[in-house]
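All chains should be modelled from the sequences, with the hints used to inform the complete structure.
Given next are the chains, with one letter for each unit.
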Amino acid sequence: AQSVAQPEDQVNVAEGNPLTVKCTYSVSGNPYLFWYVQYPNRGLQFLLKYITGDNLVKGSYGFEAEFNKSQTSFHLKKPSALVSDSALYFCAVRDSYTGGFKTIFGAGTRLFVKA
Amino acid sequence: NAGVTQTPKFQVLKTGQSMTLQCAQDMNHNSMYWYRQDPGMGLRLIYYSASEGTTDKGEVPNGYNVSRLNKREFSLRLESAAPSQTSVYFCASSDNLSSYEQYFGPGTRLTVT
Numbered sequence: 028a029q030s031v032a033q034p035e036d037q038v039n040v041a042e043g044n045p046l047t048v049k050c051t052y053s054v055s056g057n058p059y060l061f062w063y064v065q066y067p068n069r070g071l072q073f074l075l076k077y078i079t080g081d082n083l084v085k086g087s088y089g090f091e092a093e094f095n096k097s098q099t100s101f102h103l104k105k106p107s108a109l110v111s112d113s114a115l116y117f118c119a120v121r122d123s124y125t126g127g128f129k130t131i132f133g134a135g136t137r138l139f140v141k142a
Numbered sequence: 002n003a004g005v006t007q008t009p010k011f012q013v014l015k016t017g018q019s020m021t022l023q024c025a026q027d028m029n030h031n032s033m034y035w036y037r038q039d040p041g042m043g044l045r046l047i048y049y050s051a052s053e054g055t056t057d058k059g060e061v062p063n064g065y066n067v068s069r070l071n072k073r074e075f076s077l078r079l080e081s082a083a084p085s086q087t088s089v090y091f092c093a094s095s096d097n098l099s100s101y102e103q104y105f106g107p108g109t110r111l112t113v114t
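Here the protein sequences come in this chain order: A and B. Quick note: the first sequence uses my numbering, first residue 28, plus one each step. Quick note: the second sequence uses my numbering, first residue 2, plus one each step.
These are computed hints drawn from the structure, not numbers from a lab. Certain hints may be false.
As the list claims (entries may be wrong) - Restraint ranges, calculated between C-beta atoms of paired labels, are given here: (1) A/Thr79 with B/Ser85: 38 to 44 angstroms; (2) A/Tyr66 with B/Gly17: 30 to 36 angstroms; (3) A/Glu93 with B/Gly17: 48 to 54 angstroms; (4) A/Ser97 with B/Lys72: 39 to 45 angstroms; (5) A/Glu93 with B/Gly41: 26 to 32 angstroms; (6) A/Glu35 with B/Arg110: 24 to 30 angstroms; (7) A/Glu35 with B/Ser100: 44 to 50 angstroms; (8) A/Ala28 with B/Ser68: 26 to 32 angstroms; (9) B/Asn63 with A/Pro67: 26 to 32 angstroms; (10) A/Gly89 with B/Arg78: 39 to 45 angstroms; (11) B/Asn31 with A/Thr79: 20 to 26 angstroms; (12) B/Thr8 with A/Asn44: 37 to 43 angstroms.
The structure displayed is predicted, hence computed values, not measured ones. Idealized CB from N, CA, C, for every residue including glycine.
Here's what the structure looks like:
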């Protein structure tokens, strides 16, 4: 079965420090991977995706993610965290079994950036 | 572009009442989705519509019905609301032919008493 795991419920980081939010996946075939962010009382917003190509993907708000096929990981990173980055982050994978029409979301990781 | 819009933003229902949540997108996307989000449960797919004229069950379809009215609009109906349906409901859309990422509406916070 295809799945996504976010092993940390919460990540705490000081403003200005680098941040990493972890994600591992299990899929058949080539993975289509996504990161979304959710601010309080808002819907999810798309941050970035990996479909093919360079393993380092750049997205919105200075975020990037590194695709690692051998470790089946797609960790979200940012070189210097901002307080405004505090939010709930979801990793997701496209479900190829349903023809790609569904997306499987991880449980989410809450990021706290302290000033 | 408004993106994905949902109405209403908030709703309180009594057990047994019915209601329809409305969703519309103006991005010409072919696929649309309804999710519910509960604390500690992440996002769970209720129903989806791969393209206009088709709908399919997701992970938690019981107690819900959907209608893909046209390419823009995808509604979710609760026929007889139950307290277990208290949740935040999100509609989303995507272009599953080329870009795949989903775009979400602002959500509807539903309380069933």
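Hints, verified against the model:
A/Thr79 and B/Ser85 have their C-beta atoms about 41 angstroms apart, which keeps the hinted 38 to 44 angstroms range intact. For the pair A/Tyr66 and B/Gly17, the beta carbons lie near 34 angstroms from each other, so the given range of 30 to 36 angstroms is met. Roughly 50 angstroms separates the CB atoms of A/Glu93 and B/Gly17, a value that falls within the hinted 48 to 54 angstroms. A beta carbon spacing of about 41 angstroms between A/Ser97 and B/Lys72 agrees with the range 39 to 45 angstroms that was offered as a hint.
Remark: the range hint 26 to 32 angstroms for A/Glu93 to B/Gly41 is upheld by a beta-carbon distance near 28 angstroms. A hinted range of 24 to 30 angstroms for the beta carbons of A/Glu35 and B/Arg110 is consistent with their spacing of about 27 angstroms. Distance hint check: the CB atoms of A/Glu35 and B/Ser100 are about 28 angstroms apart, inconsistent with the given range 44 to 50 angstroms. Restraint check, A/Ala28 to B/Ser68: a C-beta distance of roughly 30 angstroms satisfies the suggested window 26 to 32 angstroms.
Between B/Asn63 and A/Pro67, the C-beta spacing of about 29 angstroms keeps the proposed range 26 to 32 angstroms intact. The hinted range of 39 to 45 angstroms is satisfied by A/Gly89 and B/Arg78, whose Cβ atoms lie roughly 41 angstroms apart. About 21 angstroms separates the C-beta atoms of B/Asn31 and A/Thr79, a value consistent with the hinted range of 20 to 26 angstroms. Restraint check, B/Thr8 to A/Asn44: a C-beta distance of roughly 41 angstroms satisfies the suggested window 37 to 43 angstroms.
The structure is inconsistent with hint 7 alone, although it conforms to all the rest.
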